[in-house]
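A.B. asks: Single-letter residue listing:
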Amino acid sequence: MSNFYRHISLALIAMLLGACSSSSTTTSTANTSTTQGTAEYDPPLRVASANATDFAALLNQSPAGGQLLDLMKAGLQTQTPIKCGVDIYYLTFWTVGGAGEKTKSSGALMVPSGGTGCSGPRPVVLYAHGTLFNKATNLADINNPDNQTGALIATMYASQGYIVVAPNYAGYDISTLGYHPYLNAAQESAEMIDALTAARAVLPHTYSSATSDNGQLFLAGYSEGGYVAMATEQVLEASGKKVTASAPMSGPYALEAFGDAIFFGQVNIGSTLFTPLLTTSYQKAYGDIYSSVSDVYSPTYAAGIETLLPNAHASNEDAAISDLFTTGKLPQTALFNSTTPVTGNTTLDTQLAVPSNPMDPRTPIFAAGFGTSYLVNNSFRLAYALDAAANPDGALPTPPPGAPLAAAVPTNTMRKALYMNDMRHIYGATLPAAPNLLCGGENDPTVFFLNTMIMVNYWSMAPHGLITPLDVDPANGPSGPFAAVQGAFQLTAQDNLNKLVQSGLTLQQAQQTLIQSYHGAVAPFCTLASLFFFNQALSQMP
Amino acid sequence: MTKINKLIRVLVLYFSTLLAVLYCNSPAWSQEVPVNSIRVGFYDVFYHATATDLSGPFVPAGVNLQVKDVKTIYVAYVRRLTPDWDFEFAFGVPPKTDTVGKGPATLGSVPYDGQVISSAKWFAPTVLFNYNLLDETHKWRPYIGVGVNYTTFYDRRSTPAGDAASGGATKISLSRSIGPAADVGLSYKPSANWGIFASYSATRVNSHLTANTAGIIRTSTIKFRPQALVVSVGYSF
Chain F
103 MSNFYRHISL ALIAMLLGAC SSSSTTTSTA NTSTTQGTAE YDPPLRVASA
153 NATDFAALLN QSPAGGQLLD LMKAGLQTQT PIKCGVDIYY LTFWTVGGAG
203 EKTKSSGALM VPSGGTGCSG PRPVVLYAHG TLFNKATNLA DINNPDNQTG
253 ALIATMYASQ GYIVVAPNYA GYDISTLGYH PYLNAAQESA EMIDALTAAR
303 AVLPHTYSSA TSDNGQLFLA GYSEGGYVAM ATEQVLEASG KKVTASAPMS
353 GPYALEAFGD AIFFGQVNIG STLFTPLLTT SYQKAYGDIY SSVSDVYSPT
403 YAAGIETLLP NAHASNEDAA ISDLFTTGKL PQTALFNSTT PVTGNTTLDT
453 QLAVPSNPMD PRTPIFAAGF GTSYLVNNSF RLAYALDAAA NPDGALPTPP
503 PGAPLAAAVP TNTMRKALYM NDMRHIYGAT LPAAPNLLCG GENDPTVFFL
553 NTMIMVNYWS MAPHGLITPL DVDPANGPSG PFAAVQGAFQ LTAQDNLNKL
603 VQSGLTLQQA QQTLIQSYHG AVAPFCTLAS LFFFNQALSQ MP
Chain B
31 MTKINKLIRV LVLYFSTLLA VLYCNSPAWS QEVPVNSIRV GFYDVFYHAT
81 ATDLSGPFVP AGVNLQVKDV KTIYVAYVRR LTPDWDFEFA FGVPPKTDTV
131 GKGPATLGSV PYDGQVISSA KWFAPTVLFN YNLLDETHKW RPYIGVGVNY
181 TTFYDRRSTP AGDAASGGAT KISLSRSIGP AADVGLSYKP SANWGIFASY
231 SATRVNSHLT ANTAGIIRTS TIKFRPQALV VSVGYSF
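From first to last, the protein sequence lines are chains F and B. One rule links them: number in this note's numbering = place in the first sequence (from 1) + 102. One rule links them: number in this note's numbering = place in the second sequence (from 1) + 30.
Derived by calculation from the structure, the hints in this document are not laboratory data. The structure presented is a predicted model; accordingly, all values stated were derived computationally and were not measured. A portion of the hints provided could be inaccurate.
What the hints assert, rightly or not - Each computed BS3-like pair below joins lysine-lysine, with the alpha-carbon atoms no more than 30 Å apart:
1. B/K201 - F/K237
2. B/K169 - B/K132
3. B/K151 - B/K201
4. B/K219 - B/K169
5. B/K201 - B/K126
6. F/K206 - B/K201
7. F/K185 - F/K431
8. B/K132 - B/K219
9. F/K204 - B/K126
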């Protein structure tokens with residue numbers, strides 16, 4: 103009988119070990135390489151998959167999506183503007199930080215699906231998003247109602263037959279980089295190209311292998327992303343790569359001139375958020391902006407400011423911003439001290455004074471950039487201003503043809519960083535090789551349209567048709583090939599104004615409310631214009 | 031794997047030792063009545079599973095799971111301890127259990143609700159101490175028992191439909207579980223060696239499901255409350 107028990111025990115052991123040794127299904131390959139442009143997972147996770155009908159229905163589930171759909175209906179003049187289904191993948195890939203640090207980044211790969219014009223060989227739009235303050239930003243998270251940029255590019259590009267590659271940027275989402283290399287042309291363009299390389303490598307292995315990259319490459323981006331798109335074109339073309347067309351939108355291209363304007367008192371909306379992002383970015387990259395954060399920031403806000411943005415503690419984009427104000431970590435609008443520096447130089451002191459010109463409608467916005475609880479020290483501001491006064495940007499106050507940078511490399515380290523990253527410096531004597539649509543709104547209080555005008559004037563000798571400026575909000579009303587987009591923007595703005603007035607605001611209050619959101623409001627209209635621009639470029643391809 | 035093996039070794043050693051001790055200490059009546067039985071029969075398992083909504087990145091609200099009931103073969107070794115007490119070591123031939131999507135009809139355009147999204151095989155040995163009512167002269171004897179169930183899952187697979195819903199090839203793990211078990215039954219012994227048995231048993235199994243798709247982890251906790259109808263034939267020796 104003892105054998106009987108031994109047999110039972112052995113049988114049990116065999117059965118149980120057999121159970122434990124059985125295998126699970128294979129999963130996506132995790133790449134071990136950390137080389138720039140390598141996708142971490144191949145194929146990447148598909149986050150969502152919708153055919154054209156379901157995609158339109160998903161858009162209609164939210165007010166913002168519904169508005170986007172209405173804009174597409176009006177722009178494309180059809181009741182069924184969603185042409186293609188869209189599969190959205192979450193791409194994680196290796197790139198570098200502002201000082202060459204190895205880091206992962208992530209982004210979205212959006213692939214059209216369906217019949218003719220939606221599958222087979224299709225063009226790629228490499229898209230750069232605008233400044234976002236929530237570290238959890240993830241353009242691939244299409245089910246998240248906070249992800250308006252993801253919905254915008256999926257609708258405007260992917261559902262129209264373009265493969266979209268859009269990085270979230272280093273410093274966001276899963277990136278362990280403790281800051282974002284904001285407006286660092288070298289890093290941001292490199293990351294765009296890394297995202298593109300990774301996306302091209304994994305696309306054939308995805309569920310969307312029926313759609314392939316046909317080699318035509320379009321660049322687009324809004325705000326910060328407009329700047330990044332412009333920088334990326336320069337890098338690609340300098341390395342012999344062809345760009346089919348590019349649409350930088352509402353970007354801070356002329357960083358030196360833009361910086362000078364702000365330091366001389368034209369404080370833009372959002373400046374107290376942009377300044378820490380930008381200052382930290384350049385400090386990490388170049389190491390010479392300050393010795394201590396207190397060199398730049400007032401004691402009220404200096405502590406911990408290097409890790410403040412992107413905000414890792416917010417549930418959504420709005421909260422990422424408002425939390426910083428309500429918890430007193432940043433002032434809402436007061437970039438500079440309202441007790442402005444006095445040097446004895448009357449001209450300079452006037453330039454540094456709180457704006458008060460009653461004839462300029464922008465004066466209340468600029469003046470709001472000053473306060474007693476301010477972000478940037480007078481000493482930092484003055485050092486910058488002295489450099490700008492001694493070595494002025496040639497494009498200010500109104501850009502002439504050629505719109506030159508400062509005659510010499512600035513000595514002030516912050517201004518020098520802006521100079522080195524100014525698109526005029528990046529491009530130097532070269533021109534973009536691909537047709538460019540530079541879209542924006544002339545009343546933009548966040549990223550001044552001045553940036554667009556400077557680049558248009560900088561490239562004033564470009565061949566006809568190479569550089570197309572587009573103001574979606576022209577003072578003289580819609581005209582030209584994009585009149586429909588201009589008309590739609592102005593009509594929408596008027597509708598919104600009327601609604602605010604009807605809700606009980608005075609006309610002035612309603613106008614002030616609208617101007618606060620002007621920069622964001624331009625985005626879908628410029629993006630629609632970029633779609634027309636790209637479609638036109640495709641139609642002219644042999 | 032090492033931990034599981036260690037646990038299995040301990041369990042096997044424990045039960046082997048327990049049985050050996052019981053055998054060595056068998057009382058005199060065990061020489062007259064067969065003390066060892068093997069039972070083979072039919073297991074009809076109703077899971078009554080509930081799961082928490084799947085959580086993790088990119089998961090819309092309300093995505094849940096349900097588990098399909100199974101039928102399998104029942105095998106048990108029963109040791110007569112006293113005229114009234116039995117020790118039962120039971121297990122089913124590991125059944126393949128399907129997990130079915132529960133929630134939205136589609137995720138985007140990908141079918142979900144009602145789709146078989148994964149499968150796993152169970153090995154779920156249970157030890158029970160059964161108390162038999164009436165005395166041994168009765169051919170019909172009802173019994174009740176309590177014990178412990180150990181459940182481990184293997185051959186865990188995400189189906190093509192599951193992969194499509196998850197967004198790619200998905201690796202699934204289900205944590206093992208130890209929980210209480212109980213049964214009630216009725217035996218019919220027309221002879222000293224042969225018997226027919228019917229029982230209704232219930233156990234509690236909690237398992238933590240983890241799905242890994244391209245490095246993205248989604249989780250759910252599944253509470254199984256398996257109840258089984260068993261009909262078996264036993265031979266005693």
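A.B. asks: None of the hints should be skipped; say for each whether it holds.
C.D. replies: Hint-by-hint comparison with the structure:
no., hint, in the structure
1, B/K201 - F/K237, "holds, 28 Å"
2, B/K169 - B/K132, "violated, 47 Å"
3, B/K151 - B/K201, "holds, 15 Å"
4, B/K219 - B/K169, "holds, 5 Å"
5, B/K201 - B/K126, "holds, 17 Å"
6, F/K206 - B/K201, "holds, 23 Å"
7, F/K185 - F/K431, "violated, 46 Å"
8, B/K132 - B/K219, "violated, 45 Å"
9, F/K204 - B/K126, "violated, 45 Å"
Hints 2, 7, 8 and 9 from the list above are not met by this structure, while the remaining hints are.
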